[in-house]
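Q: As given, the protein sequences belong to chains X and W, one line each in that order. First residue of the first sequence: 1, per the working numbering; consecutive thereafter. First residue of the second sequence: 1001, per the working numbering; consecutive thereafter.
Heads up, some of the hints might be wrong.
[Unchecked claim] In silico DSS-like pairs for lysine-lysine, Cα to Cα no more than 30 angstroms straight-line:
#1 X/K34 with X/K59
#2 X/K75 with W/K1174
#3 X/K129 with W/K1160
#4 W/K1160 with X/K176
[As the list claims (entries may be wrong)] Here are the in silico distance ranges between beta carbons for each label pair:
#5 W/N1185 with X/K155: 43 to 53 angstroms
#6 X/Q97 with W/L1131: 50 to 60 angstroms
#7 X/Q97 with W/S1134: 15 to 25 angstroms
Just so you know, these hints were derived from the structure itself, not from any lab. Heads up, the beta-carbon is just placed ideally off N, CA and C, and yes, glycines get one too.
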Amino acid sequence: MEEKHKPVLEVKELGIDFGGLTAVNDFSMQIFDKEIVGLIGPNGAGKTTVFNMLTKVYKPSRGSIFFLGEDTAGKSVVEMSHAGIARTFQNIRLFNQLSVLDNVKTGFHDRVKYSNLSAVFRTPSFRKKEREIEEGSLELLKIFRLDTEAENLAKNLPYGAQRRLEIARALATDPKLLLLDEPAAGMNPQETEELMDMIRLTRDHFGIAILLIEHDMKLVMGICERITVLNYGMMLSEGTPDEIQADPQVIKAYLGE
Amino acid sequence: MDFLSYFINGLGLGSVYAIIALGYTMVYGIAKMLNFAHGDVIMVGAYVAFFAVNSFHLPLIPSTLLSVLICAILGVVVEGLAYRPLRSASSLSVLITAIGVSYFLQNAAQLLWSSAPKVFPSVFPSGGIALGDSTVSYLTIITIAVCVLVMACLTAFINKTSTGRAMRACSEDKGAAALMGINVNRIISITFAIGSGLAAVAAILLSATYPSISPTLGAMPGIKAFTAAVFGGIGSIPGAFLGGLLLGVIEIFAKAYLSTQLSDAIVFAVLIVVLLIKPSGLLGKVRREKV
Chain X
1 MEEKHKPVLE VKELGIDFGG LTAVNDFSMQ IFDKEIVGLI GPNGAGKTTV FNMLTKVYKP
61 SRGSIFFLGE DTAGKSVVEM SHAGIARTFQ NIRLFNQLSV LDNVKTGFHD RVKYSNLSAV
121 FRTPSFRKKE REIEEGSLEL LKIFRLDTEA ENLAKNLPYG AQRRLEIARA LATDPKLLLL
181 DEPAAGMNPQ ETEELMDMIR LTRDHFGIAI LLIEHDMKLV MGICERITVL NYGMMLSEGT
241 PDEIQADPQV IKAYLGE
Chain W
1001 MDFLSYFING LGLGSVYAII ALGYTMVYGI AKMLNFAHGD VIMVGAYVAF FAVNSFHLPL
1061 IPSTLLSVLI CAILGVVVEG LAYRPLRSAS SLSVLITAIG VSYFLQNAAQ LLWSSAPKVF
1121 PSVFPSGGIA LGDSTVSYLT IITIAVCVLV MACLTAFINK TSTGRAMRAC SEDKGAAALM
1181 GINVNRIISI TFAIGSGLAA VAAILLSATY PSISPTLGAM PGIKAFTAAV FGGIGSIPGA
1241 FLGGLLLGVI EIFAKAYLST QLSDAIVFAV LIVVLLIKPS GLLGKVRREK V
């Protein structure tokens, strides 16, 4: 057997500057297979900036990101998606004019391929691949209880359902690591409860690691196995939910003196 | 029966505008730029077809396919060389570049093929169908049929295929599309290829109707089709179709019933009125600026 458990994601001394401003500095973390990890911190601590670096929306100024043991230096946003990192957004960014089903289907764009020529002539290979995409997408919608809404436009979904659709769409790219940016934002306690079940189910059903940013401490403490705390772009603390809750530095950062 | 034949001729002219307008509207919808060199791609398409028929003696269909292929490649090359490096530049810079590309293509054509007009060979069956005391030519009927076919195929492609879905996704949010693993640059290239290929189809229909081809032939239909795209709601594919057809019908009616000289002025006056009442065009979506 392997002598060492390899992490899915390994971030080493990551940092980024915007002009003269250092937004994140000396940030390191590891995420292992099938782990649910929380990234918390006060507003403006740099949490979403970390997500943007992990997905290469921003190019880090310093440090390195290893994904599945491979250095990701020089990779583009699209290449990171192909490598297996998917995300959702703090402010929902669905394709509003597309149907719920088509939103999920976009995630298959680079997984199930056929030539445009085969689409023009509607060859059997085109039909087969499209059926594959359709079935895969409907299955995802079913898991997230969106299958009855498949033909509706995404913009017409209620808020909670839009959040679920974003997760379904991200999963359609077949990620190994899912980044959730404030998945419970704007949800009521009951919806948050359901979301927690859904996140656990996602991890178990798809066997992937999840890194989530969240302000709802009940959710974070309830489902995260490990938590990293960020403050002013620096790592403040790291540990299990119990350790984090007992850490005087964390309490100070959140509640002040 | 004059009214009916004018109407059908209007639809014929409008069909050509619609096919060209599709190129404008798709590129605008996905790359968010006005490709003012689109009219000149029509001109290149006309010359390619001219040489294919006259010099290589190819029949109509292979000539059309060759012209479509070369224009599609031209569209992709222009996009890659001139517009892609400006992807994050202001829209004004891209617009100026497009005008530059337009002049470049016109001057290159003058250099290669001289500015003297050439006579486009008659490749379509002559004659037509009698409608009372007037006739509707076969060419007009073919033009309308081609336009409907193009529209149907394009709609199916956009709605039913993976690339079509990716195009719609890119049109809404390129950043999110890239994060879903969609190669945005590739999608934009495909959009230019389709738009420019359609320009070649329009070029042949147009040159068959007005058989004198010159390096500046694309300018006027280009502007009219752009108007049609705005008229219908730029970015909207059904809008380009509707805008093109309406523009053609209005133009022919204006010529027939009002004044031949003023027909263009009347067409543009109608556009101004429509935009005053509905600034986003007939089928355009109202987009509120986010503050």
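Q: The structure should be examined with respect to each hint, and the outcome stated for every one.
A: Going through the hints against the structure:
no., hint, in the structure
1, X/K34 with X/K59, "27 angstroms, holds"
2, X/K75 with W/K1174, "17 angstroms, holds"
3, X/K129 with W/K1160, "12 angstroms, holds"
4, W/K1160 with X/K176, "28 angstroms, holds"
5, W/N1185 with X/K155: 43 to 53 angstroms, "27 angstroms, violated"
6, X/Q97 with W/L1131: 50 to 60 angstroms, "41 angstroms, violated"
7, X/Q97 with W/S1134: 15 to 25 angstroms, "44 angstroms, violated"
Checked against the numbered hints given earlier, this structure breaks hints 5, 6 and 7; the rest are met.
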